[in-house]
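Undergrad: Model the full structure from these sequences, guided by the hints.
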Amino acid sequence: MHVIIIGSGIAGVSFAEKFRSYSAGDEITLITRENDGYYSRPLLSRGFSMNDIEQSIILKTFDKLRASGININSGAEITAINRSDKTVAITGSSQEKSLHFDKLVIATGSSAFIPPPFRPYSELFYCLNSLVDLKALRKFRLGLLNQSRQPDWAIIGGGLIGCEVASDLAFSGDNVTLFHAMDRLMERQLVAEDSALLFDVLQNSGVKVLLDQNVQGFAKQENKVCVKTGVTTEFDALIVSCGFKPRTELAEQAGLEVGRGIKVNQYMQTSDEDIYALGDVAELPNGKLYAFILPIRSQAHWLAGFIAGKEKECWTPPVFTTRAKVHGFEAAHPYNV
Amino acid sequence: MSDYKKYQCGVCGHIYDEAEGDEETGIAPGTRWEDIPDDWRCPECGVEKSEYSLMV
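So the sequences go chain by chain: A and B. Numbered by our numbering, the letters in the first sequence go through residues 1 to 337 in order. Numbered by our numbering, the letters in the second sequence go through residues 1 to 56 in order.
Hints listed in this document are in silico derivations from the structure and should not be mistaken for laboratory results. Note that beta-carbon positions come from the ideal geometry of N, C-alpha and C, so glycine has one too. Accuracy of the hints is not assured; some may be wrong.
[Stated by the list, open to error] Ranges of calculated distance between the beta carbons of each label pair, as one might list FRET restraints: (1) A/139 to B/39: 22 to 28 Å; (2) B/15 to A/221: 49 to 55 Å; (3) B/29 to A/259: 45 to 51 Å; (4) A/117 to B/37: 43 to 49 Å; (5) B/55 to A/2: 38 to 44 Å; (6) B/55 to A/54: 31 to 37 Å; (7) A/67 to B/32: 27 to 33 Å.
[As the list claims (entries may be wrong)] Not close to chain A: a few residues of chain B, all C-beta gaps over 12 Å, as computed: (8) 5; (9) 17; (10) 26; (11) 27; (12) 29; (13) 30; (14) 32; (15) 33; (16) 34; (17) 35; (18) 47.
TA: What follows is the structure, encoded as structure tokens:
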């Protein structure tokens, strides 16, 4: 049997390693657009305070994964899933243009969600959704520091990632203003009392937190970029952190059922029984998309067991929690995940 | 010994059990939490040792 996995994030790699350990005879090929190896996404938001981050973020190199018996096609993109002959079409560094699969696992994750009013200004802001994004941000920041300028940042979005990034930049000595549309921070995960505590922790660490902000758009002014609310404020750079958007395009083109994510049943199976989806691209029958590490690893390990014939019962979500990596912040109440 | 403790990563839920150590990152069974080097990282999500807390 040939199992192909698309994506080298926590879902794809956890699945590949577990399936390898269950099944010595089957061929496993993981196809990824990444070149840097298997890295830790949670560490992206510690990307400014840790100097050695570009190395230390790598959990496993692709060569290490290859040595464990997993074929890795890196720097490659899947351009189409052909369900009729069970192949995927590939472009990129790999020699093969088409590969046959018996089982396909889509673990493409998500990109940053950009609210429609911001889309015309994509040249003017950064996102922090991948190691490539982080490297670009670090390079920009270093450029300013080398001119003895401490960067002035605007973070748009006070959810989990926005708060973490604001905290890490301020912790690293930069000037940070955080714009949030709602009347309290991280309102999806925290109770009001903890939002208020988080507000104080961020303010005390030097982040200027602005709530109830209606950000209408951005503008370029010489070497500054401006955030337009009722007033216009200048910054060196902007980071938009307004949530995530599952990468469903391939599945959609292949005619699989798609909602916010790729629709799967309790067996992580899409509307095609030989194609599965895992991680934050997969939408369960209850409408949920799991975007945290513990449930994603649980899905991946479960699916490896299921395809290897060791698991009969369907996947059930484990009890889990998370924690925002904001320097000096400890919530008093459990997170709503 | 029965007084081995467990610590859990707050970010991903990984559990470090002193009794078992962590083979993959070269931590021998029986290694106490305080004896793990400060630059040790969560083997599953890569975050720092400070993100762990004692399980009660």
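Undergrad: Would you mind marking each hint as holding or not holding in the structure?
TA: Now for the hints, and whether the structure bears them out:
1. The beta-carbon spacing between residue 139 of chain A and residue 39 of chain B, approximately 25 Å, falls within the hinted interval of 22 to 28 Å.
2. A hinted range of 49 to 55 Å holds for the C-beta pair residue 15 of chain B and residue 221 of chain A, which are about 51 Å apart.
3. A C-beta distance of roughly 46 Å is found between residue 29 of chain B and residue 259 of chain A, which places it inside the suggested range of 45 to 51 Å.
4. Distance hint for residue 117 of chain A and residue 37 of chain B: a CB-CB separation of about 48 Å, consistent with the stated range 43 to 49 Å.
5. Separation of residue 55 of chain B from residue 2 of chain A is about 41 Å and conforms to the stated range, judged on CB atoms against 38 to 44 Å.
6. In this structure, residue 55 of chain B and residue 54 of chain A meet the distance hint of 31 to 37 Å, their C-beta atoms being roughly 32 Å apart.
7. In this structure the supplied range 27 to 33 Å holds for residue 67 of chain A paired with residue 32 of chain B, their Cβ-Cβ distance being about 32 Å.
8. Separation of residue 5 of chain B from chain A is adequate, the least Cβ-Cβ distance of about 19 Å exceeding the 12 Å criterion.
9. The claim that residue 17 of chain B lies off the interface holds: its Cβ sits roughly 17 Å from the closest Cβ of chain A, which is beyond the 12 Å cut-off.
10. Interface exclusion of residue 26 of chain B from chain A stands, the closest Cβ pair being 15 Å apart, more than 12 Å.
11. Listed as outside the interface, residue 27 of chain B is consistent with that label: its C-beta sits roughly 16 Å from the nearest C-beta of chain A, beyond the 12 Å cut-off.
12. Every CB of chain A is more than 12 Å from the CB of residue 29 of chain B (nearest about 21 Å), matching its label as outside the interface.
13. With a minimum CB-CB distance of about 25 Å to chain A, residue 30 of chain B clears the 12 Å threshold, and the non-interface call stands.
14. Against the 12 Å criterion, residue 32 of chain B stays outside the reach of chain A, whose nearest CB is about 23 Å from its own CB.
15. No beta-carbon of chain A comes within 12 Å of the beta-carbon of residue 33 of chain B; the shortest separation is about 18 Å.
16. With a least CB separation of 20 Å from chain A, residue 34 of chain B remains clear of the 12 Å interface cut-off, as annotated.
17. For residue 35 of chain B, the non-interface assignment is confirmed: its Cβ lies about 21 Å from the closest Cβ of chain A, beyond the 12 Å cut-off.
18. Its closest Cβ contact with chain A, about 6 Å, brings residue 47 of chain B to no more than 12 Å, contrary to its assignment away from the interface.
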